[in-house]
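Novice: Line by line, the protein sequences are chains A and B.
Just so we're aligned: 96 in my numbering is position 96 of the first sequence, and the numbers increase by one with no gaps anywhere.
Just so we're aligned: 206 in my numbering is position 206 of the second sequence, and the numbers increase by one with no gaps anywhere.
Check the hints yourself; a few may be wrong.
In silico lysine-lysine, BS3-like type, Cα no more than 30 Å apart, as pairs [to be verified]:
(1) Lys-145(B) x Lys-179(A)
(2) Lys-104(A) x Lys-212(B)
(3) Lys-51(B) x Lys-104(A)
I should point out that these hints are in silico values taken from the structure, not numbers from a laboratory.
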Amino acid sequence: MSTIVFIDTRGEKLPKAAQEAVTYASQLGGNVTAVTFGDAQGLESLGAQGAAKVIVARGVKAVDGQQLTKLVCDIAQKENATTIVCVNDATGKAVAPRVAARLKAGHVAGVLGLPEGDTFKRNVFSGKARAHVQVSSAVKVLSITPNSLAIANNGGTAAVEEHTGDLGAARITVKELRKAGSGIPLPEAELVVSAGRGMKGPEHWAPVEELATLLGAATACSRPVADMHWRPHHEHVGQTGVAIRPNLYIAIGISGAIQHLAGVNQSKVICVINKDPEAPFFKAADYGIVGDAFEVLPRLIDAAKKLNAER
Amino acid sequence: MKILVLLSQVPDTTARIAFANDNTQYDGNGVTFIVNPYDEWYALVRALELKEAAGSGSVTTITVGGADTDATIRKGLAIGADDAVRVDAQPTDALQVAELVAAYAKDKGYDLVLVGKETIDHNGGQVGAMVAELLDMPFVPLASKLDVNGTTATVERDVPGGVEVLEVALPLVVGASKGMAEQRIPNMRGIMAARTKPLNVVPATAVADVAKTVKFELPPAKGAVKMIPAEDAGQLIELLHTEAKVI
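Based on the sequences and whatever the hints tell you, model everything.
Specialist: Pasting the structure below:
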């Protein structure tokens, strides 16, 4: 059995999602070939997650799904792959369904966990239910959910090859990348501190940011906060914003409307701080504090400082 | 400009989630169905705005489903689409939807195909990319802004840490997310006009049968919430460290 893993390896270090995807592919068994693009270095370390080989298309950018689809399909054919693993993120969403359509292969978007036979689990109804999807095609395309499995580290080294075949001209070009602040990218973040209308105004965000920095967390916000331009749009988590599944989600002054929960209910541990004891978010929480954000936050910050001093 | 918009029908956001027939089917009994919000609020409205700005062209909606989707289709017409197509089929997988849409759209010369970033029931976000592949068009997922100047589209999307601005020659497929347009409420004139606008029902073409949902389950129940008094709020950080072990 041969498995292809298509991963986005941009960034200063190998993204977690890429390592997760290679780990998943090797857990399925068989020979694993990772396929990527761009100028990432240190790709041989993907051997630690189980890749025997990494094929990299150096001149290709992330945005053109057609070039990347051809890359994946060409290598899948050459390697006789029966399984193609992708990540269910912005890059994967532009490639995995295309690969499936081209190969007439069954695609499962947002796979959770290992299969039972040829049946895979995925979230549906914004996390309110799970579907078991049976794939009957000879080739299977699986887009795995980021942050849903532990990364393997077996210390191996993968052989790195450069892809030489023609992928055609890019039809999508990046004209501009407008940076909006630094910090930890939300979809990658393991810890997230999020705040909502309860903060009363953008000028009150300093303690939220301070707590996030002390914990090594990313900051996020609710929809009204992004809509009122208190915070940038890319920080908006929820059904219409970014859907995340961090290990820890701390929600401050967010009531927990069903649309907000849809984007965060897959978080492993949820803490809710709200002055309204009837806030619906408490029903979805693991830990709750009924209290005023401006009184609770300083106490959390003090405790986080104390914890950091002990560590 | 000739634009095709994919409209899907989904259970209302707040609908109860239950399953029938030994958990093999969604139980739609007593549930209100709506137009998938991403299709309606962003894809359709932006298509109408682009047509209005160009001063000419057409906006056609396409839905794959049975006669029970007619209310969804009429709502699209009431908001302002010129005409609608319904492919008469009961798809069991995203690839089937994409194949049926592509079979219809092929050779019709659409400059733009717009679809919501995902449906709020299946959450797959696959149909747009699949249609693009089958029609040999570029595809941009998760777009928050779309402009067309002549034969070039400029698309923006939120990426971690910023906004990416992309340029693509028409024709292309775009997955629309929040920010692309503001929701339009149909007015009485639109609702009246929708009754007489063309709704073409076309038969299904052959599709692949490669994946299907065989069972649904509800997620594992969440344990009870542990409340911490506000005056001891710092205890939360300790619990997250020693009990939940996430920090």
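Novice: With reference to the structure, classify each hint as holding or not holding.
Specialist: Here is what the structure says about each hint:
Distance hint between Lys-145(B) and Lys-179(A) is fulfilled; the C-alpha atoms sit about 16 Å from each other, no more than 30 Å. A distance of roughly 14 Å separates the Cα atoms of Lys-104(A) and Lys-212(B); the hinted pair therefore holds under the 30 Å criterion. Of the supplied pair hints, the one linking Lys-51(B) and Lys-104(A) is violated, its CA atoms being roughly 34 Å apart against a limit of 30 Å.
Checked against the numbered hints given earlier, this structure breaks only hint 3.
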